[in-house]
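J.: Sequence:
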Amino acid sequence: MGSPSGSRKCVSCGREIAMDANVCQYCGHDYRQAGPAKPVEKSALSIVGGVLILVAGVIGLAIGGLLLAIDVDDLDQYGLDVVGVTDILEDILTACGIIFIVLGLIAAVGGFFGVMRKHWGLVILGGVLGLFILSPYLIASLLSLVGLILVAISKKDFE
Numbered sequence: 256m257g258s259p260s261g262s263r264k265c266v267s268c269g270r271e272i273a274m275d276a277n278v279c280q281y282c283g284h285d286y287r288q289a290g291p292a293k294p295v296e297k298s299a300l301s302i303v304g305g306v307l308i309l310v311a312g313v314i315g316l317a318i319g320g321l322l323l324a325i326d327v328d329d330l331d332q333y334g335l336d337v338v339g340v341t342d343i344l345e346d347i348l349t350a351c352g353i354i355f356i357v358l359g360l361i362a363a364v365g366g367f368f369g370v371m372r373k374h375w376g377l378v379i380l381g382g383v384l385g386l387f388i389l390s391p392y393l394i395a396s397l398l399s400l401v402g403l404i405l406v407a408i409s410k411k412d413f414e
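Taking our numbering, the leading residue of the sequence shown gets 256, the next gets one more, and so forth.
I should point out that these hints are in silico values taken from the structure, not numbers from a laboratory. As the structure is a computational prediction, the values presented were derived from the model and not from experiment. Check the hints yourself; a few may be wrong.
[To be verified] Calculated lysine-lysine pairs in the DSSO-like style (CA-CA distance at most 30 Å, straight line):
id	residue 1	residue 2
1	Lys410	Lys297
2	Lys297	Lys373
3	Lys264	Lys297
4	Lys373	Lys410
5	Lys297	Lys411
[Claimed, not checked] The following label-pair restraints were derived from C-beta to C-beta distances:
id	residue 1	residue 2	range
6	Leu323	Leu300	26 to 36 Å
7	Thr341	Gly320	32 to 42 Å
8	Tyr333	Tyr392	33 to 43 Å
9	Tyr392	Asp326	20 to 30 Å
10	Ser267	Phe387	47 to 57 Å
Every residue, glycine too, gets a C-beta built ideally from N, C-alpha and C.
Make a model of the complete structure from these sequences and hints.
T.: Structure below.
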């Protein structure tokens, strides 16, 4: 029941040891290292990386929407002669628009999970697919690349 004065039970093996013992003589449990575990601090890198990937995804969605919204019949107003290839050009723009929307959607979802610090693999997938979002000055690809690097080095922050 009770321990004799000057002794205590080892938390590891349950045997009686001296109250001032630093190490259990039976099982070797070290009491000098006992204490509350420090909470692991999470860096902001994963959140910043997630935001960058999310922005790249939104850019991809916008570009995809613009490609789908282009009316091929109105291109002659801008000095582009598309007579005879309107059907092919319309199919190409539609396919590219759908591809950009899919890439942008996956990147945006990955960026969202990056901000939430969940599903590291999905965030990496979103960042990798965000690299293929071709935008003016490749801004979406660059944002995705930086976000991908930040998420990759902060893997320990994810659940």
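J.: Looking at the structure, which of the earlier hints fail to hold?
T.: When the structure is compared with the hints, numbers 3, 7, 8 turn out to be violated.
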